[in-house]
Amino acid sequence: MKLVNNAAGRKVPETIPGIGKLEPFQGAYARTPLVRREKGSRTLPRLNKIVDTLEQAILKCGLQDGMTISFHHHFREGDYVVNMVMDIIANLGIKNLTLASSSLTSCHAPLVEYIRKGVIKRIYTSGLRGVLADEISHGLMDTPVLIHSHGGRARAIETGQLSIDVAFLGVPSCDLYGNANGFSGKSACGSLGYAIVDARHAKKVVLITDNLVDYPNTPFSIDQDLVDYIVIVDAIGDPQGIATGATRMTRDPRELLIAELASQVIVTSGYFEDGFSVQTGSGGAALAVTRFLRERMLERNIKASFALGGITSQIVKMHEEGLIKRILDVQSFDLEAVRSIGENRYHTEIDASYYANPLNKGCVVNKLNVVVLSAMEIDTEFNVNVITGSDGIIRGASGGHSDTAIGSGLSVIVAPLVRGRTPTVIDKVTTIITPGETVDVLVTDHGVAVNPRRSEVLEKLKLSRLPVYTIEELKKKAEKVTGTPEPLPFGKKIVALVEYRDGTIIDVIREIHT
Amino acid sequence: MLYVPGNSAAMVKDAHIYRPDTVMFDLEDSVSYREKDAARFLVYQTLRTIDYGGVETAVRINGLDTPYGKDDIEAMVRARPNIIRIPKTEKAQDVSDVETEIERVERKIGLPIGTIKLFVAIETPLGVLNAREIACSSNRLLGIALGAEDLVTSLRTSRSKDGIELYYARSQVLYAARVAGINAIDTVYSNVQDEEGFLAEVRLIKQLGFDGKSVIQPNQIKLVHRVYTPTEEEIHKALRVLEAIREAESKGSGVIALDGRMIDKPVVERARWTIELAKASGVVPEEVKL
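Protein sequences, first through last, are from chains X and D. Per my numbering, residue 1 is the first one in the first sequence, and the count goes up by one each step. Per my numbering, residue 515 is the first one in the second sequence, and the count goes up by one each step.
Derived from the structure by calculation, the hints contain no laboratory data. The C-beta atom is built at its ideal place from N, Cα and C for all residues, glycine as well. Hints may be right or wrong, so weigh each one.
Unchecked claim - To be clear about the criterion: a stretch of chain D counts as covered by chain X if any three or more of its residues have a C-beta under 8 Å from a C-beta of chain X, and this derived list gives those stretches:
hint, segment
1, 562-568
2, 579-589
3, 613-625
Stated by the list, open to error - Derived lysine to any residue pairs resembling SDA-like cross-links, with alpha carbons at most 20 Å apart:
hint, chain 1, residue 1, chain 2, residue 2
4, X, Lys-428, X, Glu-486
5, D, Lys-736, X, Glu-295
6, X, Lys-492, X, Ile-393
7, X, Lys-476, X, Arg-339
8, D, Lys-527, X, Val-481
9, D, Lys-527, X, Arg-421
10, D, Lys-736, X, Pro-485
11, D, Lys-527, X, Pro-485
12, X, Lys-480, D, Gln-559
13, D, Lys-736, X, Gly-66
14, D, Lys-736, X, Asp-274
15, X, Lys-476, D, Asp-551
16, X, Lys-121, X, Asp-87
17, D, Lys-736, X, Val-481
18, D, Lys-736, X, Arg-419
19, D, Lys-736, X, Thr-250
20, D, Lys-527, X, Gly-66
21, X, Lys-480, D, Phe-555
22, D, Lys-527, X, Glu-299
23, D, Lys-527, X, Pro-467
24, D, Lys-527, D, Asp-551
25, X, Lys-492, X, Pro-467
26, X, Lys-480, X, Arg-419
27, X, Lys-480, D, Lys-736
28, X, Lys-204, X, Arg-421
29, D, Lys-736, X, Phe-292
30, X, Lys-303, D, Asp-708
31, X, Lys-480, D, Asp-551
32, X, Lys-476, D, Asp-565
33, D, Lys-527, X, Arg-254
34, X, Lys-325, D, Arg-621
Stated by the list, open to error - Not close to chain X: a few residues of chain D, all C-beta gaps over 12 Å, as computed:
hint, residue
35, Tyr-681
36, Tyr-682
37, Val-702
Full structure from sequences and hints, please.
Here you go:
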């Protein structure tokens, strides 16, 4: 056995049969450059990841032409981070980037210029809205946008299909070492569920905050060992656009009618039993379902085991009154939800992979009993479109729609039969986001249709006094009012690819000529 | 009876989904002068096209003293709603004038005379005082409604929570309806945000004896039905009364008693009415015999 002197002056072996090669000690600091050497000083650069400017952070990360950068969309319509970072990257002359944001909203209109100038070459996102969506729909980009679901994005990142070079993550509170959470500070957004996946897997992570707090910033959502640099700015978002007080219950009679009918469907479906789990979307009708379910739960002394998803004040209230035992929160929709996630240990923050990654060892959508989702269009095969409007322009997001539809026991789509002059139930949806084989029930203001695949649910609903029709009958009712719409003037060019949650391409969106 | 502005395509096309007993398309006060033609055209086309799923349809026309009233009748008789509602009725002659016009159009298009039924609205002090002659003025009349907004202004007062200012008018309209054997429908409650206030008013008019209420917001329909739907206890009691009657009749006994109390004719009448209401509300199956 060969022995060598190590840095502590001891003779140690270099190899041991049965174990293999060993490294002799080289000094306490030799292999851990980030550990502080001079005790007593709190301001050593290595103990403080703050850099003066965003530009310095970008340069230190080594961002180069052709790399992939990522963002999260927890600041929704109030986000300042994407535009702020892109301004500086453009000034640095970096080009051909892939922008992989968990989603993009109408506040990201300035990106149009950076696409035109070649700064952004490709986009991965869950959704697009506003001017950016309009331009892309009209053929702005050479390479199609890749639309993914929230679970699909987490899968792509965790499997390495989407490799992020630098993640720029806005955080509402952060300490100088990178412990960050979303529920405190003036730009509080609650859960950082989508950002956590990026922080774990990006090669470099830059946190951007407007609220530096004392170390250690516990409880934290993004932990210090994932973070490379921190930049402090005046504001990371507009609180008005991030989250408003408590989500107001709709007073729209049509939405209330649909919501009440949907709650009756759920109660009758066989899935409404003590310990059931539920997710409701944030649209007017979907949200109001929560209220009607609450009444039925009180009547029948039924409690839910958990509520999942985008969390609102209504869910928080039901949790606090004991009707929902646990909350799993990937995205907080209002300030009540933000408050609750900060105060309540049973209101648990989850990341996008835990939420919906189809390839991990167990995402929570698989444990979901009932989900209520909205739709822009649904066809007679029950395929659902939540991304392209009736004018062919992108104006929505894939979100968790396809993830929860397949994971849940009962997926309920709520939509008015006719919007304006456009029928919602049609022969073929413009774009498929969620395949019909995963959609169970459609609830409209004119009646209910059950996917024939779910004959046991259909039988139960037929026994009740609910207005059950076939989806073809609902389509005819709609067309009686609206007539059959003219086909949309789509061109040949593909402007977006719609990726199903498993990474396969389920549909494409083509350039619209209007 | 749900008011639907006749110029709103979005609302006209499917107001029946909220399941009011009657949908009333308005061509009168909720439609501005500039849109009278458009509203008339829209309501005509909708009534000819859309299946209202068994919900009764009514149209409130403009008065014959306006430039629109005659054209409204001309179009609406052809559109064939169940009911034409006459606004601001003050005397029996107002009803006769409209009836004459309707009959003329019915004849012209070969519709059996009397197909189109009538509803009147009382909205002025003179109308209130003449309620009885108005209510008895036509065989086509199905009901008489009170419209309070104009009335309280004429009375130099305003709507209050307890409705004291409408007490006389409500009673007068109700008595007129009962004399004529037609329905009495109460006025609208315009603060659509105030659910509690609305419920209190519905309870009040039900207690007075009204058959129903006009509503301007679909969310109010459920609340009216909730107040008017007999409770389980009321239904149970009514069924027992009717059962006791049947038993007594089969035995041929004259005096009927239930739980030691005599059942006379008014008690039986009320029991019948309770079961009728319960059937209409869908809480008692149609098969139950009276």
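How the hints compare with the structure:
1. 562-568: holds (count 3)
2. 579-589: violated (count 0)
3. 613-625: violated (count 0)
4. Lys-428(X) with Glu-486(X): holds (13 Å)
5. Lys-736(D) with Glu-295(X): Distance ~15 Å between Lys-736(D) and Glu-295(X) Cα, so the pair holds.
6. Lys-492(X) with Ile-393(X): holds (15 Å)
7. Lys-476(X) with Arg-339(X): violated (46 Å)
8. Lys-527(D) with Val-481(X): holds (7 Å)
9. Lys-527(D) with Arg-421(X): holds (10 Å)
10. Lys-736(D) with Pro-485(X): Outside the cut-off at roughly 34 Å; violated.
11. Lys-527(D) with Pro-485(X): holds (17 Å)
12. Lys-480(X) with Gln-559(D): holds (12 Å)
13. Lys-736(D) with Gly-66(X): It is violated: about 60 Å lies between the C-alpha atoms, which goes past 20 Å.
14. Lys-736(D) with Asp-274(X): Violated - the C-alpha atoms of Asp-274(X) and Lys-736(D) are around 28 Å apart, more than 20 Å.
15. Lys-476(X) with Asp-551(D): violated (30 Å)
16. Lys-121(X) with Asp-87(X): holds (15 Å)
17. Lys-736(D) with Val-481(X): violated (25 Å)
18. Lys-736(D) with Arg-419(X): Given that 20 Å is the threshold and the Cα spacing comes to 24 Å, the pair is violated.
19. Lys-736(D) with Thr-250(X): holds (16 Å)
20. Lys-527(D) with Gly-66(X): violated (54 Å)
21. Lys-480(X) with Phe-555(D): Cα-Cα ~18 Å, so holds.
22. Lys-527(D) with Glu-299(X): violated (35 Å)
23. Lys-527(D) with Pro-467(X): holds (19 Å)
24. Lys-527(D) with Asp-551(D): holds (17 Å)
25. Lys-492(X) with Pro-467(X): violated (41 Å)
26. Lys-480(X) with Arg-419(X): Holds, because 14 Å separates the two Cα atoms, which is no more than 20 Å.
27. Lys-480(X) with Lys-736(D): Judged against 20 Å, a Cα distance of about 27 Å means the pair is violated.
28. Lys-204(X) with Arg-421(X): violated (49 Å)
29. Lys-736(D) with Phe-292(X): Between Lys-736(D) and Phe-292(X) the Cα gap is close to 14 Å, so the pair holds against 20 Å.
30. Lys-303(X) with Asp-708(D): Violated, because 31 Å separates the two Cα atoms, which is more than 20 Å.
31. Lys-480(X) with Asp-551(D): violated (24 Å)
32. Lys-476(X) with Asp-565(D): Measuring from Cα to Cα gives roughly 12 Å; hence the hint holds.
33. Lys-527(D) with Arg-254(X): Given pair Lys-527(D), Arg-254(X) holds - Cα atoms ~13 Å apart, limit 20 Å.
34. Lys-325(X) with Arg-621(D): This hinted pair is violated, its Cα atoms lying about 69 Å apart.
35. Tyr-681: Nearest chain X Cβ is 31 Å from Tyr-681(D), so the label holds.
36. Tyr-682: Tyr-682(D) clear of chain X: closest Cβ-Cβ about 33 Å, beyond 12 Å.
37. Val-702: At roughly 15 Å from the nearest Cβ of chain X, Val-702(D) sits farther out than 12 Å, so the non-interface label holds.
Hint compliance for this structure: hints 2, 3, 7, 10, 13, 14, 15, 17, 18, 20, 22, 25, 27, 28, 30, 31 and 34 are not met, and every other hint is.
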